[in-house]
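There are 4 protein chains.
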Amino acid sequence: MNNESKPQSTTAAPRKVPRSKDNDYAPGAATARRDFVQAQTGVTLEHVGRYSFDPAVLPGNIENFTGVAQVPIGIAGPVRINGEHAQGDFYVPMATTEGTLVASYNRGMRLLSESGGVKTTVVESFMQRSPVFKFDDALQAREFGHWVTANFEGIKAAAETTTRVGKLSHIGQYAIGPLRYLRFNYSTGDAAGQNMVGKATLAACQWIQLNHPDHPNFLLSGNIDTDKKHSQINTLLTRGKRVVAEVVLKDEILKRIMGVTGRDLFQARQISQAGAFMAGSANNGAHSANGITALFIATGQDVANVAESHAAVTYAQLLDNGDYYWSITLTSLIVATYGGGTGLATQRECLEMLGCYGQGKANKFAEICAATVLAGETSLSSAVLHGDWVSSHDQLGRNRP
Amino acid sequence: MNNESKPQSTTAAPRKVPRSKDNDYAPGAATARRDFVQAQTGVTLEHVGRYSFDPAVLPGNIENFTGVAQVPIGIAGPVRINGEHAQGDFYVPMATTEGTLVASYNRGMRLLSESGGVKTTVVESFMQRSPVFKFDDALQAREFGHWVTANFEGIKAAAETTTRVGKLSHIGQYAIGPLRYLRFNYSTGDAAGQNMVGKATLAACQWIQLNHPDHPNFLLSGNIDTDKKHSQINTLLTRGKRVVAEVVLKDEILKRIMGVTGRDLFQARQISQAGAFMAGSANNGAHSANGITALFIATGQDVANVAESHAAVTYAQLLDNGDYYWSITLTSLIVATYGGGTGLATQRECLEMLGCYGQGKANKFAEICAATVLAGETSLSSAVLHGDWVSSHDQLGRNRP
Amino acid sequence: MNNESKPQSTTAAPRKVPRSKDNDYAPGAATARRDFVQAQTGVTLEHVGRYSFDPAVLPGNIENFTGVAQVPIGIAGPVRINGEHAQGDFYVPMATTEGTLVASYNRGMRLLSESGGVKTTVVESFMQRSPVFKFDDALQAREFGHWVTANFEGIKAAAETTTRVGKLSHIGQYAIGPLRYLRFNYSTGDAAGQNMVGKATLAACQWIQLNHPDHPNFLLSGNIDTDKKHSQINTLLTRGKRVVAEVVLKDEILKRIMGVTGRDLFQARQISQAGAFMAGSANNGAHSANGITALFIATGQDVANVAESHAAVTYAQLLDNGDYYWSITLTSLIVATYGGGTGLATQRECLEMLGCYGQGKANKFAEICAATVLAGETSLSSAVLHGDWVSSHDQLGRNRP
Amino acid sequence: MNNESKPQSTTAAPRKVPRSKDNDYAPGAATARRDFVQAQTGVTLEHVGRYSFDPAVLPGNIENFTGVAQVPIGIAGPVRINGEHAQGDFYVPMATTEGTLVASYNRGMRLLSESGGVKTTVVESFMQRSPVFKFDDALQAREFGHWVTANFEGIKAAAETTTRVGKLSHIGQYAIGPLRYLRFNYSTGDAAGQNMVGKATLAACQWIQLNHPDHPNFLLSGNIDTDKKHSQINTLLTRGKRVVAEVVLKDEILKRIMGVTGRDLFQARQISQAGAFMAGSANNGAHSANGITALFIATGQDVANVAESHAAVTYAQLLDNGDYYWSITLTSLIVATYGGGTGLATQRECLEMLGCYGQGKANKFAEICAATVLAGETSLSSAVLHGDWVSSHDQLGRNRP
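Chains as they are written, first to last, in this note's numbering: chain F, 1 to 401; chain V, 1 to 401; chain U, 1 to 401; chain E, 1 to 401.
Derived by calculation from the structure, the hints in this document are not laboratory data. These figures come from a predicted structure and were not determined experimentally. Do not rely on the hints blindly, as some may be mistaken.
What the hints assert, rightly or not - The calculated label-pair distances, taken between Cβ atoms and stated as ranges, are:
no.	chain 1	residue 1	chain 2	residue 2	range
1	F	T31	E	N151	20 to 28 Å
2	V	L210	E	H212	40 to 48 Å
3	E	D214	V	E153	29 to 37 Å
4	F	A150	V	E46	54 to 62 Å
5	E	T149	V	H386	41 to 49 Å
6	E	R263	U	D22	39 to 47 Å
7	F	D136	U	N151	52 to 60 Å
8	V	A150	E	R263	34 to 42 Å
9	F	D214	V	H386	16 to 24 Å
10	U	R263	V	H386	40 to 48 Å
To be verified - Simulated coverage check for chain U against chain F, where a stretch passes if three residues somewhere in it have a Cβ under 8 Å from a Cβ of chain F:
no.	stretch
11	97–109
12	126–139
13	165–178
Note that beta-carbon positions come from the ideal geometry of N, C-alpha and C, so glycine has one too.
Here chain F stands alone, though its shape is the one from the complex (with noise of 0.2 Å):
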């Protein structure tokens, strides 16, 4: 049948998604929508209903819940991290549909054990929700800032109220014209924490709403937190883990690997690096995205989290005995390992791979990810300079068109 002409037919009103009101997490739910689909558009959902746990561990997850993507995993590494959380040798599940991409990855992993391992170290840590009051003037928000500080213990009290984990540790403050900007920020132990940050954020908004005498009004978010973007405060300020990868890599093992110096490499750097400038580039490296979003289909993470935490800082120099020091410090990496998507049965293996799930691993997991990214970091840049970029896409990427 065609499945073209289906969607178009709009005589008739078109019909709900239909949902169970018994138990909209049994089987039969999801069974009921992929045959909704079947019949609104003659696709069947064959593969898509083929998933191998029970949906009645996803409410929290997803709603209207229908079957799975099923996003191929290839396994890279082993990569040596000698991190303060991650230490050892790890073998990196990486989800995705992009050849080339596990391969290359792998390459830089086996460049930088051979190098003695990469060093990672997780530097800051933070949560934030960024609410915004609004007063008549300028003048009545400077002051509302003022009873802000003053009032710190009661406000972090408040939003403490509301959770067991987070602790705000320290509130930012932005003025434009007659808004006061809130930021605040909280320590979420191993969860990303965006929910339980909006929610304690809004149990203070509201203490604070009581206790000012001028009983402000707010709103939850003024668009500061940027969640679910990139932003620049983001990358001076962090937003969830500021991490760094950093390696020292000799000239044998760059040439014997790679096929390139760390003169060569840090020559183009400079390149790179005027370009990224110029282009107002969220990252002056190469491409943290790609490891990023592998390795967070993987384990569950909030893919959309790639949109703040593929922000990137690299900083090499090339040192006095010719060897090449590379690092790359991610600004915003938003992770997890309790909460969210991580318990799911095939992101649990792969946080459970890295001995990264639960509670308590999710500094080690951080770490893990900044190893990933500096490994691609180094496998691609080498092959942009060493010219081999577009004949390894072609041997394993399809490059069909």
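Since the structure of chain F is provided, determine the placement of chains V, U and E on it from the hints.
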């Protein structure tokens, strides 16, 4: 067993991930790797190993295939779209693990549909590769730029020898010091085209190097294509597709479905716009990345392109009759309906249910993406304003900690 | 004579600009340099040599003093200001060579005054110097950051040994790889304070180097103070003074003076905001730099700080009663009423006519700057909308070519 | 008398600044205004009234002329320039009140000259006006864009009816929602050209409105010309002139004059580049605004254009022989040698001493600006590295407070 201790055991040299020389995409190869992971880490990849397709289809999509991530899909919609390419009522598959997301987009789709539908338009479409040529000084580089302009036809012919589909449209030129960055802009049919344009541009650069009297050196990327990275150059000059979704909302419907008025939305928009501008955000709207990511995972897009694709500019007006005009322009949406992961089992089914699989469908799919994003914008912005943002997450998201 | 040929005559070694060992600020020293210029280039500095003050006052302001630029000053105003520090009707001296500028600001000032005056508020005030400390790895750098926090009082004391006026308020910390950028924020009284904070921060860094167990190396600027440069960090975190000017405009007055309505201005604002966001602009308003520059030249400010000072965020609302609320927030206005060029002959007179010369006047002067900027915003925005922008330049500007 | 109290006395309606109906540019008109200021504020504009030219030349440059700002000029140089247009040794007039500035640029000029001179190249030159056309929806706006492309010759002819000098080169198009922003790019001869292109673009827009079947409405600026504002679009696409200055520095000369090595400068450059990238800076160099502003004031440029003109990209390499290659690219330098303030008394003399007054000189002047900027970059960067930055300000700047 303690899966923590395994990765740290680095006394012996770590073992390489096993590969099959005969056929690394035979089912046994994946099984061998899962067994290897179990041996190395103690973790059984029970669910990861449960996929419903023949891995023989995977060359060109992944290396070291080991299994799949099963990402839950919910169906949102229908959303009525009055586009050039997408016309009718669409049920949208969204792959996510974030509670509330599908429900929120669903609510927005209802609003758009009851308002007569969303108008969608692809206004521009180009994929880029940006090599950089190096000279002794800025004067040489400038003269080279003139040569490139004068020799466009030869360059175009050389590029297009490598592809049946890709057509070189124009080359932007950007001068820094002795460097000339060239930004090659191609149309790429229904493929996203990053590999296609990489290959074509390599051929073009080799042609330039051969034919230009100085035989200048080049890097295939000077980092202003900003592949897998947000950048202002994308926002300005488009990467992938530039797509607009527009709707006119009546107060009656807004109030009924969202509990807010156009006037209040517009007032809040002034605040969120000022915030986004101050924060240096990639998007002055709400959360385009959520809808884009869920659609991308479901339909086999290169999900790492969320980095570029989430950039957006919202433009709204309160009309004289009180109606609320709302548009969002996605400036760098990278999508495909052909090639990459689009042909895989679940991914193809999801494209098919949208009537978007295969050739001639990329613009239609881009329009559906934009409509979906606008639905999410209306729902989240209303929730922030109305105050039910947190409560809905409490109800539909787990908010565990 | 052909003044073209002279500079090209490079056969002989060029001669150094003459300096007087005895007193390079005696009138004769300047005369000698003017004679030298004439001998070297054939150009008589007739007017440059016509100044009305004793060059003996110039040490600390200029080297190789040769004469003056005579920049025309026009008086705009009065503008009624209802600030914290500036209260009353002010006549504003503007030094410029751009026709229409004074007339346009004058028109805006009339609008603001007839609307009851402009409200002005200094909401924040800090000057920065941003050294960077270098370590072996990110972990060391992070630990150093904690040490800085723990030793703030010692650092502050060391910094403040160098200045009676400057007070260290807080130190921002920004991590990249093995680097720790510190952003020292000082209050600097009525001086702009760049030199003051440079000296204080050097003392602080030397104290840190001495007292920290690693005795780490540092650069006195890591380029995030963004001295003489616009930056997003300034927009977010303030450099110099953050000042707001606000006004509520009645339609009757707007129509009479500007020929436009608040509704039309607000509609146009949506368009100019979207444009500024897409363009990656430092200012989503119209032309703050014009007013700031003219005031800066007239009053002896460091005019190069226009680079930072022109950054601004406009926030406006159409009120329910149809009035138009308009604010502009200058996020990094760098001004002084003491030190620098403020005490020179014409510069001091211009500060005095504003009641802004000397100590205790910097906030007042900042408020006058903001009020002036807002006047210019209303005038130019109205002209663009009303269509008399070009015609007024035709009449008042020369538009010669 | 207490000049504080005067402005606050707002009991009576403030008096308007007096204007002469007969001839507001007669000397008496300025005297009347100075008397008025004295009467209103108690301040005698003694020095402001001391100018050496006939105010009859001022129409087109200023309104309400009252006197002048006398800004001290110091001579730096000579700097040897090996440009296309500027060739030879130049003495550079710098108008500033910031101690150390002239001395620092002078030192940099000596370095450049002893290194064989600075190479300068104008690589692009366009002035912009960016109207925006409004439509019912994005589709209409897109079709309008095609119409504009198809009707370029008619638009160009209409624009060029208004100017002998300005030539329309090309029109960039930028789509947001139902809007089409057009960025008209003109060559403007030796004028900066903002008014010229405003007038030409108005004529073009009126022609479009008349000839396009929809007769669409437009605003003459949609705020992406970013007049008097830094923006990323300027950095990418040039505003005014894009000029490069380049030099190769020998270690011997660097050490002798600056006390630093190329290797150390290059290492520090990695740090300052990372800082500038993180900060979202308009310039990854040091302090272009200082040199540009001082030259602009001296030579009658529109000094407010420092906002745009200070944007810059530094690109450097440590060469294999240890020499240090250093370039700076000013991406949006707006200069004139004709029109505006260039013909005024002291301003013309300063242009003449550079051999840059009048027609055919704008490129030469732009090259001198770039050379001056590079001189300042070398001096300040070395001072920061060498540690004499603060001490030199102590010696040459007053550092009073």
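Status of each hint after checking the structure:
1. At about 58 Å, the CB distance of T31 of chain F to N151 of chain E disagrees with the hint of 20 to 28 Å.
2. For L210 of chain V paired with H212 of chain E, a C-beta distance near 45 Å keeps the hint of 40 to 48 Å intact.
3. At roughly 35 Å, the beta carbons of D214 of chain E and E153 of chain V sit within the given window of 29 to 37 Å.
4. The supplied range of 54 to 62 Å is met by A150 of chain F and E46 of chain V, whose beta-carbon atoms lie about 55 Å from each other.
5. Look at T149 of chain E against H386 of chain V: about 44 Å separates their beta carbons, and that is inside 41 to 49 Å.
6. Taking 39 to 47 Å as the suggested C-beta distance range, the pair R263 of chain E and D22 of chain U conforms, at roughly 41 Å.
7. Under the hint 52 to 60 Å, the C-beta atoms of D136 of chain F and N151 of chain U, about 42 Å apart, miss the expected range.
8. The hint said 34 to 42 Å for the Cβ distance between A150 of chain V and R263 of chain E, and at roughly 41 Å that hint holds.
9. The hinted window of 16 to 24 Å between D214 of chain F and H386 of chain V holds, with their beta carbons roughly 22 Å apart.
10. Between R263 of chain U and H386 of chain V the Cβ separation comes to about 26 Å, which falls outside the hinted range of 40 to 48 Å.
11. Restraint check on the stretch 97–109 of chain U versus chain F: 0 residues with Cβ-Cβ distances below 8 Å, three needed, restraint violated.
12. Closer than 8 Å: that is the beta-carbon criterion, and the stretch 126–139 of chain U has 3 residues meeting it against chain F, so the requirement of 3 holds.
13. Coverage of the stretch 165–178 of chain U by chain F holds in this model, with 5 residues showing a Cβ closer than 8 Å to a Cβ of that chain against a need of three.
In terms of the numbered hints stated before, the structure departs from hints 1, 7, 10 and 11, listed from lowest to highest.
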